[in-house]
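Asker: Sequence:
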Amino acid sequence: MARERILKGIAVSHGIARGKAYIYEPGEVEILQTPILPIYLEKEIARFEDAIEKTRQELNNIKTRINQEIGEDFAQFLDAQVMMLDDKEIIERVKKDPNCARYLTLRSGID
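So the mapping is simple: my numbering equals the position in the sequence shown, first residue as 1, plus 36.
It is possible that some hints are incorrect.
[Unchecked claim] Cut-off 27 Å, straight-line C-alpha distance, at most; resulting in silico cross-link-like pairs (DSSO-like, lysine-lysine): (1) Lys79 with Lys132; (2) Lys44 with Lys90; (3) Lys99 with Lys56; (4) Lys131 with Lys90; (5) Lys79 with Lys131; (6) Lys124 with Lys90.
Keep in mind the hints are simulated off the structure, nothing from the lab.
Computed from a predicted structure; not experimentally measured.
Can you build the whole structure from these sequences, using the hints too?
Answerer: Here it is, written out as structure tokens:
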């Protein structure tokens, strides 16, 4: 039988839940900065915009599934993730800086 542990933290929603708990232990994140040559900048921006749209579609699909399976109240947490995709500051930073979009996006999430 598994050893019992009591975990304390900040609740993200009210009520009682039962199930497996996973402990997140952040490690070091290595972010490679890859400069983009000016001739490839448009392609990198298009790749970034495509990634945003694909992510938006995936999040909306997950939200729909959660709505159907356990209810709308449980899917609302995804609204914040969808809103982050429209963060003008990150989008403008990617478009202005000649570095890899992946680097800038990850860097923005850490800063």
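Asker: Compare the structure with each hint and give your call.
Answerer: Okay, the hints, checked on the actual structure:
1. Lys79 with Lys132: With Cα atoms ~14 Å apart, Lys79 and Lys132 stay inside 27 Å; holds.
2. Lys44 with Lys90: violated, 35 Å
3. Lys99 with Lys56: holds, 21 Å
4. Lys131 with Lys90: holds, 18 Å
5. Lys79 with Lys131: holds, 11 Å
6. Lys124 with Lys90: Between Lys124 and Lys90 the Cα gap is close to 18 Å, so the pair holds against 27 Å.
Hint check: a violation occurs at hint 2 only; the rest are consistent with the structure.
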